[in-house]
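K.L.:
Sequence:
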Amino acid sequence: MIEVELKFQIPTAKRTTLLKALDPKKSNLIQLQAKYFDTPDKRLSQHGVALRLRLEGEHWVQTLKAAGKSHLHRFEHNHDFGISEHAPALDLTIYEHEPEARAILQHALGDELASLKLQFESDIQRTYRVIHFEDAEIEVSLDIGRLATETEEREVHEVEFELKQGSIQSLLAFSFEWVKKYQLWLDVRSKAEMGHLLSIQQHVSPAQQSKTFQLVKKDSADSNVRSLIAQQLQHLLPNIAAISAGVAEKEHLEQAYLALDHLYLTSALFKTWSKDVSDKWAYQLAAFKHHFENLQQLEHMQSTLGALLQNPTTVASLTQDILYAQEKLNNLVRSTLNVHHFLELLMFSLQSSTTTQELDLKAYAQNTLQQQYKQIHEQLLETEVTKFESLEQLSQRIRELKFSFPILTSIYDVKNLQKYSKALNEAHQAAEEYLTLSSSAAYIQQTELEASDWFVLGWLTAKQEVYAQALLDATEQFMVSRKFLKF
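UniProt numbering puts the sequence shown at residues 1 to 487.
Be aware that a few hints might be false.
Unchecked claim - Below are the BS3-like pairs computed for lysine-lysine, each with C-alpha atoms no more than 27 Å apart in a straight line: (1) K7 x K65; (2) K275 x K402; (3) K211 x K280; (4) K180 x K14; (5) K180 x K164; (6) K422 x K211; (7) K217 x K374; (8) K463 x K402; (9) K328 x K14; (10) K271 x K289; (11) K328 x K289; (12) K271 x K218.
Unchecked claim - So the derived label-pair ranges between C-beta atoms look like this: (13) D23 x Q375: 53 to 63 Å; (14) T16 x D91: 39 to 49 Å; (15) H86 x T212: 45 to 55 Å; (16) Q320 x W459: 15 to 25 Å.
Since the hints were made in silico from the structure, they are not lab data. All figures in this text were calculated on a predicted structure; none of them were measured in a lab. The beta carbon of each residue, even a glycine, is placed where N, CA and C say it ideally should be.
From just these sequences and the hints, can you work out the full model?
P.N.:
Laid out in structure tokens, this is it:
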């Protein structure tokens, strides 16, 4: 069966209030003791699969879980062993007549079924009740307890909303209200993932990477843009969870920014593909990703210009700005506004279109490409080496096409694509270099410089002019090469 649920972490200051809202007198209380199994080389975990035995009341239940098509959906198979004083042995024969479960295990383990061993245990006290909301029945579960191996232990204190009956939209709307009241932050990491990390003595899973997206020719433009945003959320949310939990590494920040940038570009460039794409999304995403860009830019300056800056005040100011940017970003990822926005995007990605589109997918793709070509052409006519603002706008147009081109052309039989892509890549590289130098120069100009640091600003300005010319030359070459793109 497919389980539909959302999990949130609770700020320490809100834990007692949330428990009161559940009203223990109206709720059920159950002790959940579980044993999680995997191979010594963690094959199940690597494939996003969890296999456990759990004591639910007086019943031992064996559960197999696997990732679904989104962070709301998961495959789940439960087998009740009945009342037992002691934990039963793991039994894999129960999946012989369950094709989907058998396929999941076969894919993850191959012939290594016999190597499954106990990896960690959990001991959770669950307070839960079913709440009726609009057309839905939603089970709210407050889990408090611990995960443990033979040598390590981790606290658990989280709330889950599971859809028992009704629409996903009602589940998300219900979640909106609780997020706002209790400042919850969305956490897509499962207890199995956290237990696995505990068993290998690590604090965080590797950063989630971006995946290539291909348009589905038989589907509408509306359906495709929903699928694209769903995939981008799959990229974003695990990295955001690591940042929110305070365990992120540099790669998590970089991948979270990349996912936010892709979501922003999708909302801005493909907004005509569905009437349900909100104009506010691009603005919200741009504002959020700006904080990632700011931190990246400051850290880049520290690593590249730090040795050139002679004034201790400038160096200290840069260090302080980095610390402030890090703190602000850590607060923003958990903010109610951004959690609401994630849920809103999830809702859009899971809904189906209610209207029939007059144009086919190919027409939408071609219209979007032609509009981008037109914008680049017009911007190129207005841009000169000495016009910094117009150069930044041209750089942004190139970045947009670099993102959309492989997606939009995935439904075409494109000839000479390699030559076209080479010209686009060169223009994009020049645009990225120019934007980086432009941001650095702007920061230095806003700083009270000593005479010793004017050299740095002069060096940046000279480099800007070099990359500005490279950007213009590469873009002109790109516009010539686009004639090789035949539809």
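K.L.:
With reference to the structure, classify each hint as holding or not holding.
P.N.:
Here's how the hints hold up against the structure:
As the CA atoms of K7 and K65 are separated by approximately 15 Å, the hinted pair is consistent with the 27 Å bound. In summary, the hint linking K275 to K402 is supported, as the alpha carbons are separated by about 25 Å, within the 27 Å threshold. Taking the CA atoms of K211 and K280, the gap is near 25 Å; set against the 27 Å cutoff, the hint holds. Note on K180 and K14: the hinted pairing holds, with a Cα-Cα distance of about 11 Å set against a maximum of 27 Å.
Restraint check: the Cα-Cα separation between K180 and K164 comes to about 22 Å, which is no more than 27 Å; the hinted pair holds. About 21 Å separates the Cα atoms of K422 and K211, which keeps this hinted pair within 27 Å; it holds. Only pairs whose Cα atoms come within 27 Å are accepted, and K217 paired with K374 is accepted, the gap being roughly 25 Å. The straight-line distance between the Cα atoms of K463 and K402 is roughly 23 Å, inside the 27 Å bound, and the hint therefore holds.
Proposed proximity of K328 and K14 is supported: the alpha carbons are some 21 Å apart, at most 27 Å. Proposed proximity of K271 and K289 is supported: the alpha carbons are some 19 Å apart, at most 27 Å. With a CA separation close to 12 Å, the supplied pair K328 and K289 stays within the 27 Å bound. At roughly 20 Å between alpha-carbon atoms, K271 and K218 fall within 27 Å of each other, so this suggested pair holds.
At roughly 56 Å, the beta carbons of D23 and Q375 sit within the given window of 53 to 63 Å. Between T16 and D91 the beta carbon distance is about 41 Å. The supplied range of 39 to 49 Å therefore holds. For the hinted restraint 45 to 55 Å between H86 and T212, the CB-CB distance of approximately 49 Å keeps it satisfied. A C-beta distance of roughly 23 Å is found between Q320 and W459, which places it inside the suggested range of 15 to 25 Å.
The structure shown violates none of the earlier numbered hints.
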